[in-house]
Amino acid sequence: MPELAIVNARKNYRSPRGDNLLALADFSLTIGGGRFVTVVGPSGCGKTTLLRMVGGLISADAGEIRLDGAPLTAPSPKMSMVFQGIGLMPWKTIEGNVALGIQLQAHRRTLTAKEADRVEATLGMVGLQGFEHYYPHQLSGGMQQRVGLARALVRQPEILLMDEPFGALDAQTRAVLQDELLNLWGRVKSTVLFITHDLDEAIYLSDLVIIMSRRPGRIKQVLEVNLPQPRYSYDARAEKEFARLRSVAWQSIKEEL
Amino acid sequence: MSQMTNLVPGPAPRNGRSMVGAIAGSQYLLAIVSIAVFFAIWQLVSMNVPPIILPAPAQVITAFVQLTASGELVRATAQTVWPFAVGLSIAFVVGTAVGLLLGIFRPAARLLDPYIFVFWSIPNIAWLPLFIAWFGVGTLTLVIFVFVSAVFPQLLTVEAGAKEADSFLVEVARSLGGSKREILHVVVLPSALPYIFAGLRIAVGRALVGIIVGQLLIVATGIGYMFQFYGETLSLAKYFAPLIVIAALAVLLNRAVNWAEHFFVPWKQRAFT
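Protein chains in written order, with our numbering: chain A, 38 to 294; chain B, 10 to 282.
Some hints could be false.
No farther apart than 30 angstroms at their CA atoms in a straight line, the calculated lysine-lysine pairs in the DSSO-like style are these [what the hints assert, rightly or not]:
1) B:Lys277 with A:Lys115
2) A:Lys277 with A:Lys257
3) B:Lys172 with A:Lys151
4) B:Lys277 with A:Lys129
5) B:Lys189 with A:Lys129
6) B:Lys189 with B:Lys172
7) A:Lys129 with A:Lys277
8) A:Lys257 with A:Lys151
9) A:Lys115 with A:Lys226
10) B:Lys172 with A:Lys129
11) A:Lys226 with A:Lys291
Honestly, the hints are just simulated from the structure, not real lab data.
Kindly produce the complete structure, drawing on both the sequences and the hints.
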């Protein structure tokens, strides 16, 4: 089983004026085993810094990230990232954008027949069959994020990194996509590291909720969510346990605001 | 729930070109009415001023037919179009290539930008005596003058476009595993593509000015010389013939650039079509 270990990671930003801003201090966390792990915390607590570091986009000043035991210094083909800003290439069709996930992973411009089938299958999985030849600007925000999800899943990642992927969507679209993400996760069995500032979203989706302190970000509390999966099959948000967890999490996070 | 709810695509949108036929029809009607009104006003004004100030439409058309039949206009057009096309083509290729290079490779830009800016700031016409001294009075000088007129807008627009690449998209490509080379191919070049056409639109205009001014002042041939000759001899009806050719050429080229842009940049969102 893939294992992602963050060991004593530290990140400091220096402003042009020379001020230091410690975003993340001695952060350690190990995830894997196909679990859904969500990190929540007040804004500016270093959540996104953490994810960008794990994704290999920025390096740690101290400590390290290990994927299956090997130190990680650049974006890994075993991982996929989903961004709040989505980041579809406007000049590529939906199909082209999803194919890009494989092309940049395999460093090839052409896809094998098998890979082309996988692109089609993944588009079907996220409900975008028939939209292959559309351009991103012809799709709604929710549909665009489905493409972002497809581009990540088509790589068959061991670890799926998600940086507030539904943060820019309206409440209904967001709820629909949360359910569909749970459904997809049940099928692909990737380990998920999800970042959000929305407590309900965190509890609804995850096996494990990590609450971060205010900057510099440290782990403040870890909550196990024992509500049975898949949670879209019943009204998980109405469960007593859900309310209890939310109350605990809120108390904890309130102290950090 | 075995898969995500499948969304059903509507009729494929083609960049908002789903304009109702009726509106397109009324646009043609509008154009015809506009042209008719234009000629009517022209006729009216020409009836009330001496022909030396403004010839009547009929006189202009007669002169145009005459000059075409005698071969003068056709010959002049050929003399103009060739150096124009050669100079503009070279300017397009060189301007695009160097613009991309400077936009992508920052040290090259730091090295060359000051020179380019200085050369670009000098009014084209100031080069002419120098070019004549260097390259003589002939087609070569004309081509070089057209090239110099068109290359800077092309180069600077493309350079700006290549620098414009969205840093977020670069980051996304990087997170997917893209190498520097792949990112260039996948993000930087496509984002510069619309600018290649924006540059060309300006370059075409500048090249047209270049060829006319060049023919007027250097070689005394082609459309440029016709302007000079019929202007100085006050043959105003004939003066309009080369004007019509240049206007037609400008419109044609603009259309061609628009068409090429639609073809090569199909993703561009257009507010009005």
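Hints versus structure:
no.: 1; hint: B:Lys277 with A:Lys115; verdict: violated, 33 angstroms
no.: 2; hint: A:Lys277 with A:Lys257; verdict: holds, 24 angstroms
no.: 3; hint: B:Lys172 with A:Lys151; verdict: violated, 37 angstroms
no.: 4; hint: B:Lys277 with A:Lys129; verdict: holds, 11 angstroms
no.: 5; hint: B:Lys189 with A:Lys129; verdict: holds, 19 angstroms
no.: 6; hint: B:Lys189 with B:Lys172; verdict: holds, 15 angstroms
no.: 7; hint: A:Lys129 with A:Lys277; verdict: violated, 46 angstroms
no.: 8; hint: A:Lys257 with A:Lys151; verdict: violated, 45 angstroms
no.: 9; hint: A:Lys115 with A:Lys226; verdict: holds, 13 angstroms
no.: 10; hint: B:Lys172 with A:Lys129; verdict: holds, 20 angstroms
no.: 11; hint: A:Lys226 with A:Lys291; verdict: violated, 33 angstroms
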